Structure formats: C-alpha cells, structure tokens
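Enquirer: What follows is the residue order along each chain.
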Amino acid sequence: MESAGQMLMLAALMLTAHAGSQNYLLTFPHPKFVRVGSNFTATCVIINRTEVTADDLYWNLSETILPREHYSKINNSAISVTFTVTSDKPEWLFCLCRNPSPNIVLNQGLYMHGIYLQKGYAVQQPPGNLSCVALQENTYISGTITCEWRDSGPQTEQDPIIYTLHVRDMTQGNYTTTTKTKAQVSLGTYPNHMNLEIWVEAKNSLGMVESEHLKEEANWFVKTNPPSDISVISEKSFPTSLLLNWTLPIDKSYFRLMYRIRFTTEGANTWTDVPQEDTSQDIQSFRLQNLQPGTKYISQVSCKNARRGHGRWSDWSNNATKWTPEAPPRGKPDLWMTILGSPNANGQNVQIACKDPVHSNGRITMFSLMIKAHRVTNASTQLENTTEMISRSGDITVLKQVPIPDHQSTQVFLTAINSVGQSEKAFLGVPERGKERPSVEDLRVSSQDGRLLVEWRLPRSSEVSEFVVEWVGRGQMDWQKENKSTTRTHITGPLEPFVCYRVSVYVLRSGWSSKATSVEAFLKEGAPSEAPSVSLLGVPGHDGAHLVWTQIPPERSRGFISTYTIYYRTGDATRAVTVLGNSSSYKLTSLSPDTTYDTWITASTIAGSYKGSTHSFTTQKYAPGEIEGIVVGVSLGFLFFFLMIVLLCFYKKDVIRENFWPRIPDPGESTIKNWSPDYSLKADLPRESCVSGISVLDVDVCDGRSLFDEEKAGLPLKKDKFLSEEHSSGIGGSSCMSSPRQSVSDSDEGGDMADTTASTVQYSSVVASSGYKGQTPAQPTLFSRSESTQPLLDCEENPDTSAQEGSRQSQRCSRPTGNNLSPQGAALREELQPLDFCSLPEDAENNTPAEHQSAASASSYMPQLGGYRPQ
Amino acid sequence: MADRRTRGMTGSDLSRTNTSNTAARALAIAEQLHHECSILLELYRKKESFAADVPVSDSRLVSVPPPSSQLDTRDQLWRLHSALLQCRSLMERAIAKEEEELDDGRKSEYETQRKMVKDRLSFLLITIGELLKAADGTVGVTPSGEGLELDGPTVLFELKLWVYRIFKEVDYWTKTAITTLQALPSVTAKERARTRQVRSTRRARR
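In order, the protein sequences belong to chains A and B. Per my numbering, the first sequence starts with residue 61, numbered consecutively. Per my numbering, the second sequence starts with residue 163, numbered consecutively.
So that you can see chain A by itself, here it is in the shape it has in the complex (with noise of 0.2 Å):
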C-alpha cells in the first residue's frame, strides 16, 4: 500500500515535473524543517530519460557523498536514501547522477536536484518556574504584569522557539509573544482581588507545549512599594527604644500589608531582624526594644500582602537613622597600661590608656582617673586625681603617661562618665619593678586563617584573673582581655600584613599585672621592601675584605629575614656566601689582589628577596707589613752583602792588594843589574832604595789613603805628569817606570843618544798595571827585554843617582814616621815634596839653571844628571 502510494506520488510528480523543470532528477520531500535527531528519508526520480538509471544516482549533503547503504532502489528509475539529521545547520541534500559510461558525459546542470534541509528541534519541555509579578505604580498595582520561565530546550535560527504569554481574568485575556524567556502582558486595571490564570505556550513550526497554569488571585502577583516616610522617635525615658512610624505604601482597600523590620547598629555588618510574628499585622508603627542606649541605630522596614502566600515582599525602605538616649554606662572601662621604652636607672615610663565600657549607653565624655603610687622604701602613699578628656585612637583612649620610679608600686582607677552618669570603677596594679609576679610560658604566635592565633601555657603557680594579650605594630598598640581558663586565642583587632608585631600575654592576678611574655610575629610574611647597604669595615686587603652591613629593623622587613646573601662580583665572574638573618657582617676572603670588586646583599625572607645597592672596593696591591719586609730584606741583605764585603776585603787584602796592587819585580833584584858594567857598584846599593821606584804604591798604601783621594788631590797635577809621562821620553820622564810605548817610540833617536852614551845597553821596561794609580789594571805586569840602545835608566845607568832617587822614594814612603827624620831626611824632603810620582825629569825640564845647580850642589850626581838634560 505504502509502495502504490509513493508510485501514485511519483506519477504526480514527474507530471509536474516535467511540465515545470528542465532538470532530469526531481526530489522530493522539501520540508520546511526537519527536526534534529530525526531520520530524513528523501527520493530522486529520473525523469523521462533513458540513458541513465537509478544506479546511477547518488546523494550528496553538505558536499559528502553519502554512503550507498542508505540508499534504497525504488525502481530503475528512482531512488531514495535515509540518514540521520545530526547537523542543527541548514543544509543541502543533492541528487546527482554520474556518468552511466565513460563514453556518455552528462550535462550535470540537469542531472541535479537539491532539497534544502532547514532544522529544528521539537520542544522538549515546558516554560518552567514560571513566575510573575505586578509592580506598584503610583498609589495603585499597574495593570502591567512581568513574567519569567525557564527555556523550553534547544532551538536553531531557522526555527525559533516563540513563546506567548497568556493572562486571562474572569473578563479578559491578554498574551505576549516573546522569543526570550521573559515578557510583560498589559490587563489595563489590574484586577485586584479577581482571579487570574497565566501560562506560558512555548512554539516553534516542530511543535508546542504549554506551561503550568498559575490560577491564583491576581493580588497573588502584587509587589508593592516599600513603606515611605519612615520616622523613628527617641524618648529619653525608654533609652532602649525606639519607635518607628511608616506611610502605607498603598491603600488598605488593596489588600492588608504585613510587614518586617530589621535594624542595626551604625557600622556594623549584620541585621537584626524583628520577629514576623510582631509585624505581620496591619501596621503602620513599631517600638523597637531592647536596643542598647546611646547608640545610633539605623532601621528598614519593607511589606507584602498580609494573606499568606500573596504577594512579594517590597524592596527595603530607606534608612531610619537615630539615636537611642542615653543611660548611665554599664561595667567597668577596659583599662591597660603599656610600658613605654626600656627601663632606665630611674624606673620606668607607663602609658596609660583604656576602651570604653562594653556599654557604655553613649558617648563617653570624659575619665576619671586616680593614680595612687605607694613608695616601698619609705612607705608613703600619694594619690593623684585627675579628669582625663577624651582623646581617642579608634577605640582607644590615651589617658596619661607616668613614670613608675623603683621601689614603687602603682595603682590606677577609672571610671568612665558620660552625659548621664558614670561607669563602675576599673583597677590596674603594677608591682614594685623586680617583684612582679611571672606571666605565662611556652608563648607561641602562628598565622592561621589570616588571624595571628595565640597561644601560651599557664603559669605553674599562683591564681589567675584573666589575661592580656597585647600587640604592638607600627606604634600602634592595642590588647584584648581573655578569660582565666583561656590558653589559645585569635587577635581579634584589624591586623595589617607585613607588619612585625610584637606579642605580649600578661597574667592578671586580682588586676595586678604580671612581666610580659613577648614574641615578635607577622600575620603575613612579604618579601623584604628594601635591603641594607653593605660597606666596608676599615679598609680592604689584599685577600680579603670586612663587609658590615645594618640589619632591616622588622617594622621594615615585612617578614623575618631569613638570610642575608652577600654577592661579590669582579668581572664576569660573580659569588655568593649566603648568611644568617641575625648577622650584620661578614669577611671576604680569598679575594685576588689590586682587584676591584662590586659588592651587593640581598636580604630574604620566606616570601622573597630584594637586592640592595651595589657597594666597589679595591683589594689592595700587597698585604699589610709586605713592603716593609722586602724593604728590611733588602736592606739587611745589602747590609750583609756590604759587611760581607768589609769582611772579604778585609781577610784578603792581601789577596787584593796582589790583585790590584801586583807586587813589581824589584828591579833591584833583576839581572838585569848584572849587565851593567859597574854593577858592582850597585851592589853597595841598600836594598830598599832599589825599588824606589815602584815604592811609591807602597807608601800610598803604607799611608792608608785612597789612591783616589791622592789622585782627587792632585787631579791637575797629575794629568799633567801623566801627560808629561806619555810624552816624556822613555828615560828622561819617568822616574822608574816608563811606558814600553815610550821607550819603543824613542827608539829612533837612537842616534843621538849614541852620541851621548858611551855605549848602547838593553833594558828592561817595566810595563806596569795601567791600575796604577786608579787604571785598571788589564794586562799583568810585564818584564820584556829591550833591544833598545836607549840608555838605561838613571839608576840603572847610574847607579849613584838611582840610589838618591830611591831615597827620596824611600823618604817619601816613610814620611808617616816623619818625626823620625834626620834633619838631612827632612830637607830633602822639603826638596822633593814636588816631586810626586817621580817627575823629577819633568820638573827638571821647568827648572831653571840655578835650580839645577842647587840641586846639583845637593848631589854629587847632578853633573851626570845633568848629561842627560838635552833629552
């Protein structure tokens, strides 16, 4: 039946069809949607062609081929596939044909046919918690009435849930047509009193489903104004009340009102409410009781529709502000005193504050307080009264500071007094300072739940009143007061973070204060806000360096500082030494010398870290004493160096004076002295007059002085006799020694020499050190024999002139022992003091003939000498 219907369709379509499209495949169904979820079945018919069939066919949605399982093969020339709609997007679902052959290409312009599949969902549930209300407008309920309901499920854009809104009165109706979930549906008047139905239909073009009706009396919905015109009303002869008077937000006629109170104190964070059961009548005044006097209370009222379960409750009314009168205060003022400084020689300093009574039934005006002071050493009493005026810290009072001398014990009373009367009498004793009585044990301060907890143990002896535990932060100080039997509590009193806090418990015994029991603590640890300057204690080392730095003062630190890191950085290459938080210095070593070093500390605490500011210093070049040393230990060495010297010197002087002073052969002692024919005359000669002419180093060290000095002495004469010397002839200039240069060079005025000597002889020069007489000496002393046919030398030659000449010489090497001289020593002496070094033939060159004859007349050699003076 099903197979005949879709032929008949078919038939009807592919009429149609081909009448009206060009197309070769036509589909069908074309829904206007289709529901997600559900199973679309749709069929492609070919239309009077031949060339293709139903095998041929395929579908495509959204540009897929679609799976042949789907499909299923109506007859040879249709075909139709059913998927699920899973997609909530609109989409196009193709029949298309591929080509039957390889040989035939269709045209698939016409060999396509599409169905535009618009989703939907059906509704799947009702509007829920539907919920309606009409506002107050002016002095009547608007005829507008405002709707919600939850969302009836899922929707697409192409097929939108629309939801209406009916209300319905026993003469009307009226409904709203929305696509959100909230509308509003005018009545006109609103029916007060008559029954109304309202639901919510929610649509779309998949289905439609309705909403619970709400039926109820239209006052069911009414949400009224709050109260107006709230005044409250103090009488000074009900201090604890208060009494508050309202403007009904609408007519009686509308409907009965109930109502609620609530009130509170001015800064405080919570309500109290008044009992229903007090306000649920018709209204329009309530007397507030019970409150506490002198206090500023701040009260609202709101109402509903007193028949139960009608009506919304209104907003809140405005604020009622008074104050209560007020009453005498009731108990006693918290009184505290805290020790102000350290104790000093002469007590110490107290600062008395207090809070006011718990109820203080008004504005504390004034204290009166009563100081009473009892002096142990000479048992005297005094009292002091005085008035103190308010002067308030928050809830603390500051009342006086007084010094507590030694040896005295302090009692204190106030008594709190306001405009109406005064409090009970508050009592504070301090002992004599040294006998107070022991406060708790084992104090502990930890964070917990952003509240320091404090806790302690009690004292093992002595009765307990109560306990103060104390805080002191920022220069604030305040103290709560806690029971006997308690041993943990939380501080109560706003607490900063990051501040230090330094926690005191005492133990009050009949209001006589005990030592305090103090630890430091923080609510919450940060990382330090700033870090010490390190600086250098005294100057650097060489290896090393003193850093000192000042701790953080806690109030500073945000939090205990753990450690301090010190870094030291030169170049590229940085350290660290990492320290305790209670060090204040520390010593660098192994540091490198003449080394620039940058020096920072971080101080940590257990939230972190901050770095302070960078600090250079130079290590020095040496270590301390070092320059001293090496300058002692050089100089010691020199010193050693120079007496080893002295000594060296000293021992071997005659090594030295060898060395330098090489001893000359004594010509005296030559052989040569054999070759003289009148040697044996020469043989009478003493010996010591023989090396007259080399005894003259003999004397200048016999003497002692320095060569030098003598050659300082007679630099200019000396260069002169020297010059004399080289230019002397061999014989003639010198009076022992003469230059081998000299003599050899002399060598051709053999002539002439010849015509004066009788005979030429050979000699022997004496090629002495050129240190002589400060010359180093470089070559040693040489005997040559000369073939010269110069003459020899006078004393050579001439034995009798030698011999004076080496007498003088020899004179001259003794004249230390001078005194001793024979008075013919002496004159010649007188003579030859000129004659240094033997120029004699010098200075007989200068001398003048009569000169000569003088010196002649002195020597029975002068003739011969003189034989030689044309030389």
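Think of the hints as simulated: they come from the structure by calculation, not from any bench. Fair warning: this is a prediction, and the values are worked out from it, not measured in the lab. Each hint should be verified, as a subset may be incorrect.
[To be verified] In silico contact screen, one side only, chain A against chain B (beta carbon under 10 Å); selected entries:
hint, residue
1, Thr199
2, Tyr200
3, Gly203
4, Asp229
5, Met230
6, Thr231
7, Gln244
8, Gly248
9, Asn252
10, His253
11, Glu277
12, Asn279
13, Lys312
14, Ser313
15, Tyr314
16, Phe315
[What the hints assert, rightly or not] If you want the ones that stay clear, here's a sample from chain B, every Cβ over 10 Å from chain A, calculated:
hint, residue
17, Ala190
18, Glu210
19, Asp281
Note that the Cβ used here is the ideal one computed from N, Cα and C, for glycine as well.
Position chain B relative to chain A; hints supplied.
Expert: Relative to chain A, chain B alone:
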C-alpha cells in the same frame, strides 16, 4: 495542550473559593472601588474646580427597588447588582460624553482613574454576579438602560454636573455594596441555618 498543568487553584478549588470567598472578594473590590471612586471624585473636583460641597441633586440616577429588611440575600444582591450595572452604564455614557465633548486627547491622572473606576466597577459586577449565581444558579435579569438619563445634558456646565452626579452615584452604590456585602456573611450563615432548620422540621414531620 499537552503537558498542561495548573498550579494554585483548580477548577473545584475555584468553585469552592467562589462559594466561600467570593463575598469577601466582592467586599474587597467594593472597598477598593470606593477608595478609587473617592480619588476620582477628588480628581474631578480638582479638575473642574468644584468645591467639596458642590450642590448636586439628592435624587438617584439609578432606579432600583427600595431597600427593605424583607429582602433576602439574593434579592439584596440582585438589587445591588442592578444598581451597579446601571452605574456602569451611566459611567460608560459619561466617559463617552466627556470624550466626545471635553476630551483634549491627553491621558491625565483623571482619565486613568476614571477608567480604573469603571473597570473596577465591572470587576465588582462580575463578583456579585458570581455571588448571585452561587445563590440560585442564575445572574438574573439584566436591567435595561431605559429610564436612565443616558443622553445627558447638552449644556457644558450641566454636563459636568451630570458627570459629577454619576461619579457620586457610583460612590453611593459602592458604599451601599460595601454595607450589603459586609452584612452578607451573616445573612448567608442565617440563610444556611434557616435552611437546615426547615429541612430538619420537614424530616421531623415525616
């Protein structure tokens, strides 16, 4: 209408409520109408600069049987319903006349209040009609508007006075309704007691 559910009063609840509470609701509506009518009169006097004691005729605009202690509850309600119904007609005519003659196109507080009174009067009529229906199952014959001065005067001042009279008439019958409805519970209770007594007498006679 699938998944249709109701919350609050069901049909039977409504009928029970109608029986027990309709009188109370009617009284509440009457009181509300009286309040609103007072405001309307005040607004009208203010609008037309009428003094509070502006002289109006003591004669009634609506015509109903005279009150009598002999009238039973149903008759009292019927009389009341009839009077209020005439009031509504008068008021509708007055509104039409005002809109025809005096409307300046603005919706002032007066117009709002006037409409509110008229609507409230309708609510009261409906409620009293329910009471009548609850009494004997019929609302009764609706009185015609014949005999009422529905055309109203043509002179403007007289027209204003006529409107004022209509409002006063509504106010009067509203107060009457309040009085009647306030007495209604005791009446209905007596009626019920009397009905029970008659029935028990009849049973005893049998």
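Enquirer: Check each numbered hint against the structure and report the violated ones by number, ascending.
Expert: 7, 17, 19
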